[in-house]
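Build the full structure now, drawing on both the sequences and the hints.
Take a look at the letters that make up each chain.
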Amino acid sequence: DIQMTQSPSSLSASVGDRVTITCRASQTFYNYLNWYQQKPGKAPKLLIYSASSLHIGVPSRFSGSGSGTDFTLTISSLQPEDFATYYCQQSYSTPLTFGGGTKVEIK
Amino acid sequence: QVQLVQSGAEVKKPGASVKVSCKASGYSFTGYYINWVRQAPGQGLEWMGWINPHSGSTVFAQSFQGRVAVTRDTSTATVYLEVSRLTSDDTGVYYCARRGERAAIDFWGQGTLVTVSS
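First to last, the sequence lines map onto chains A and B. Its first residue numbered 1, the first sequence is counted upward by one per residue in the working numbering. Its first residue numbered 1, the second sequence is counted upward by one per residue in the working numbering.
Check before you lean on any hint, since a few could be wrong.
[What the hints assert, rightly or not] Sample of chain A residues facing chain B (criterion: CB under 7 Å; computed from the structure): (1) SER50; (2) TYR87; (3) LEU96; (4) PHE98; (5) GLY100; (6) GLY101.
Hint data in this document are derived by calculation from the structure and do not stem from the laboratory. Think of the CB as a built atom: it goes at the ideal place given N, C-alpha and C, for glycine as much as any other residue.
As structure tokens, this is what we get:
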């Protein structure tokens, strides 16, 4: 199984800050790397697929990059509605696996 | 628009089984795989498996093999997840979710809370 490790597990930031979350895979694969946002009590939502492609309706302040084993999600200017937990996930091989999550909290 | 609507919350006793439904609409049902993902209370996301609604073929994570079944009814565009021999560790929210481009999970159901308690 491919293990996905996210860092940090949590962070505090202010509105307007640039935020970066990293995800490292236990083995290299092509860009079958996706990012999700989840708010309390709600289902996750797809933000980024294929490492850097923005899902329909997702604001352009979200971006993804990386290849091989190291990937990054960046929020260019944090908005109040962005406080949530973010997960990376590989869809290269089954079982699909998720990172442990990064909780973004208000500073 | 793509919608996945799941059945309501369930409370079950240890050893029992539970069956959760997921009704799809707004797209070609047989054209997209459906995943099942579990989230234990306060924990992260765990992929359980998927079904190809066209063929009915399934793939499961090893930790669920032998205890989980996923079926579909193409006449109603509905997918079913059945989990047997429930334990308290099965308590959590179960999501159905569509497999999109590059196997990303592009649309999610609202989730079904399953509580296993004696």
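Against the structure, the hints:
Checking SER50 of chain A against chain B by beta carbon gives a least distance of about 5 Å; that is within 7 Å, so the hint holds. For TYR87 of chain A, the suggested interface contact is upheld, since its CB lies about 6 Å from the closest CB of chain B, less than 7 Å. Against a cut-off of 7 Å between C-beta atoms, the interface hint on LEU96 of chain A holds, since the closest Cβ of chain B lies about 4 Å away. Interface restraint check for PHE98 of chain A: the shortest CB-CB distance to chain B comes to about 4 Å, inside 7 Å, so the restraint holds.
Taking 7 Å as the C-beta contact cut-off toward chain B, the hint placing GLY100 of chain A at the interface holds, the least distance being around 5 Å. For GLY101 of chain A, the interface hint holds, since its Cβ comes within 7 Å of a Cβ in chain B; the closest pair sits about 5 Å apart.
When the structure is compared with the earlier hints, no violation turns up for any of them.
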